[in-house]
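Undergrad: If you read the sequences in order, they're chains A and B. Per this note's numbering, the very first residue in the first sequence carries number 1; after that it's consecutive. Per this note's numbering, the very first residue in the second sequence carries number 395; after that it's consecutive.
The hints are simulated quantities; they were obtained by calculation from the structure and are not laboratory data. Here the structure is a predicted model, which is why all the values come from computation and not from measurement. Think of the CB as a built atom: it goes at the ideal place given N, C-alpha and C, for glycine as much as any other residue. Hints may be right or wrong, so weigh each one.
[As the list claims (entries may be wrong)] Stretches of chain A that chain B covers, calculated by requiring three or more beta carbons in the stretch to come under 8 Å of a beta carbon on chain B:
#1 11-22
#2 170-182
[To be verified] 35 Å max Cα-Cα, derived DSBU-like pairs, lysine-lysine:
#3 Lys592(B) to Lys614(B)
#4 Lys120(A) to Lys560(B)
#5 Lys120(A) to Lys660(B)
#6 Lys180(A) to Lys448(B)
#7 Lys614(B) to Lys682(B)
#8 Lys556(B) to Lys573(B)
#9 Lys525(B) to Lys486(B)
#10 Lys614(B) to Lys556(B)
#11 Lys525(B) to Lys682(B)
#12 Lys525(B) to Lys614(B)
#13 Lys120(A) to Lys682(B)
#14 Lys682(B) to Lys250(A)
#15 Lys636(B) to Lys660(B)
#16 Lys573(B) to Lys592(B)
#17 Lys120(A) to Lys573(B)
#18 Lys522(B) to Lys573(B)
#19 Lys614(B) to Lys636(B)
#20 Lys120(A) to Lys614(B)
#21 Lys120(A) to Lys448(B)
#22 Lys522(B) to Lys85(A)
#23 Lys448(B) to Lys660(B)
#24 Lys560(B) to Lys592(B)
#25 Lys486(B) to Lys180(A)
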Amino acid sequence: MNAESRPQPLGGAVFTRPVLVLAVFAGIAGLLIVWRFIVGLGASTALNDGYPWGLWIAFDVVTGTALSCGGYSVALLVYILNRGKYHPLIRPALVTSAFGYTIAGLSVVVDIGRPWIAYKLPFFWHWNLNSVLLEVSLCIMTYTVVLWLELSPAFLEWARTSTYSLFRRVGDTGLPVANKSLLWLIALGMLLPTMHQSSLGSLLLLSGPRLHPLWNTTLLPLLFLISCIAMGFGAVVMEGGLSSKFLGRKFETDMLAGLGFAMLPLIGVYLGLRLIDLGIRGQLGALFAFDHYSVMSVIELALFVAAGVLLATDRRRHNAGNLFRAAMLLVLAGALYRFDVFLVAFQPGPNWSYFPSVTEILITSGLVAGELAGYIVLIKLFPIMAGEPQAAAA
Amino acid sequence: MGISRRSALKVMAAAAATMVGTTLSAHETQAAAVVARPDAVGMLYDATRCIGCKACMVACNEANDVTPDTSASGGLWDMPVDLNEHAKNIIKLYRDPGTGAQSFVKRQCMHCLDPACVGACMLGALQKGEKGIVSYNPDLCVGCRYCEMGCPFNVPKFEWSKAMPKLVKCELCRQRIAKGQEPACCEVCPVGAVIYGKRTDLLADAHQRLARNPGSYVPKVYGEHEAGGTQVLYLAHVDFEKLDLPAYGDESVPRRVRRLQETIYKGFVAPVALYGLFAAVMLRNREKPDSAKTKEGQP
């Protein structure tokens, strides 16, 4: 890495108005979480025995972690495909990933009914190795730790320049250790998402008999894996667009257009597999049944196609606005696919319905707000973003 | 780094070979189907005999310390509309809108031979216990409700109204069976519409009833094969699907998942191989950083 792209803290005022507004939303979510633990899930959510999993699982966990695949996707690109020019994207992507996974973990604690038992999850003698959810939980817990460890060089670099000698000493001794073990951590940081992002798709195979045929396929894990990598790239492009708009950063058109190019084969393979699978299972006709299942599938597929079309040529990819829109469509497509599998395709019977309660929505949005605030604070204080001497605006 | 490019390539090749190997061998190691254990017990419910008196519901509440569900009766008497946190057992009435033909149906846990809820449960709070009874241990339940997502019969219910909730489902009165008694619903039934016994005996009994009165039954014992077989069996004179007992195939729900998971994760070989592969590729790439930049035409 050359000197000019070495990560630097953005600097500037930390507790700006946007950060404070976001913090208020996070605070409201915090209070509502306390309330949820006092009154129980029935009074605070719209969850029921037909739809035991709702917004918190479908969005915060399943969609949220897929959106947090930036660190994973860019790592695959840089370390496996050896595209070193994307290296400056890694740290910011890892920060969003780390926050996203932390939020997902927090949501799970809020969602599960008996969190005081959860400390037994690492007790391997209790493990049910047939449980896909166990694999997902252990993987996500481990990966969250791995993500923060992958970021440790940023914190240690910061510690080295601290005014406190203790911090300096920690930084000086810790940094070489961190740098040496980084390769093995990063390899783990690519293995774990490969495992749990695919397994998030396998989760609903257990609901097979009650899953609409448009989505009920053994390919669920593969489709989840491919789309999460694409969503990871999409999220990094969106992040680039947003930080150029709100943080006064330069939009790295060339680098991000490269990510746009990387999305294309993923979209192609995803759509190909999806349609071939529907064809083999004789469900292509169900796409045109014009019930709400077919409408949802068609919207989902159309979003993937639209993203692909916007990214199709080199010129389109180098148009910043166009690239940003494509990334947004792709992220939406992947999110809708996940919502469809977890909430639309799942059919517990005609007597059940679910729409998230205000509390559920406020807690989810508060957690996202907290994530954004944390991201802004972190990139201002710590060396995350590639060096670019520019004052932050937000 | 003390690893040469050649040895890195060797590691990669070995890892790739292992991965292909695991995938190919998967076809031979398909998860076996679960069959009923010899001591499996269960219930036989004969809808043609049930008079809908609901004595079984009262007895169930009493035997299992379940508080009655009075929400639909204005706080007066037990009146659940479906299985829920206050009802482990329920009698429902089906009336055909066309013919007017009607039938009661008793719903509770089916005690599957290969239960989806047990496959779902992370720490084994739900397990196939003694005599094949699907039993619940709250000490290992984190309240994730994946069992509810999995159960093809919509049986496990959750105490939504409580701040410290548990899962609620019929456990075939295993505390009574341990004392040599029958499940409360079977003991109290005044007409023998639901009886308790060994699954093999119940199956024989059911087939005998079908043979003796072929005209008064749908010619099938529901639960003999459905969803891989259940320990609670049903006879009825109305289509089972109308009684909310869906026409499931012979394969159990979790078997398909096990087959897939065992293909991918058998012996944890594939994840270890993939980890090795990632590390090896990274080590190799570290030696020739970013050579791709030049030959990379796009982008």
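Undergrad: All hints are to be evaluated individually against the structure, with a verdict given for each.
TA: How the hints compare with the structure:
1. 11-22: violated (count 0)
2. 170-182: violated (count 0)
3. Lys592(B) to Lys614(B): The given pair, whose Cα atoms are some 19 Å apart, holds under the 35 Å limit.
4. Lys120(A) to Lys560(B): Distance ~16 Å between Lys120(A) and Lys560(B) Cα, so the pair holds.
5. Lys120(A) to Lys660(B): holds (24 Å)
6. Lys180(A) to Lys448(B): violated (70 Å)
7. Lys614(B) to Lys682(B): violated (69 Å)
8. Lys556(B) to Lys573(B): Between Lys556(B) and Lys573(B) the Cα gap is close to 31 Å, so the pair holds against 35 Å.
9. Lys525(B) to Lys486(B): holds (28 Å)
10. Lys614(B) to Lys556(B): violated (41 Å)
11. Lys525(B) to Lys682(B): Cα-Cα ~63 Å, so violated.
12. Lys525(B) to Lys614(B): holds (24 Å)
13. Lys120(A) to Lys682(B): violated (45 Å)
14. Lys682(B) to Lys250(A): holds (30 Å)
15. Lys636(B) to Lys660(B): violated (41 Å)
16. Lys573(B) to Lys592(B): Within the cut-off at roughly 16 Å; holds.
17. Lys120(A) to Lys573(B): holds (31 Å)
18. Lys522(B) to Lys573(B): holds (19 Å)
19. Lys614(B) to Lys636(B): Holds, at roughly 14 Å.
20. Lys120(A) to Lys614(B): violated (44 Å)
21. Lys120(A) to Lys448(B): violated (40 Å)
22. Lys522(B) to Lys85(A): violated (55 Å)
23. Lys448(B) to Lys660(B): The given pair, whose Cα atoms are some 48 Å apart, is violated under the 35 Å limit.
24. Lys560(B) to Lys592(B): holds (29 Å)
25. Lys486(B) to Lys180(A): violated (66 Å)
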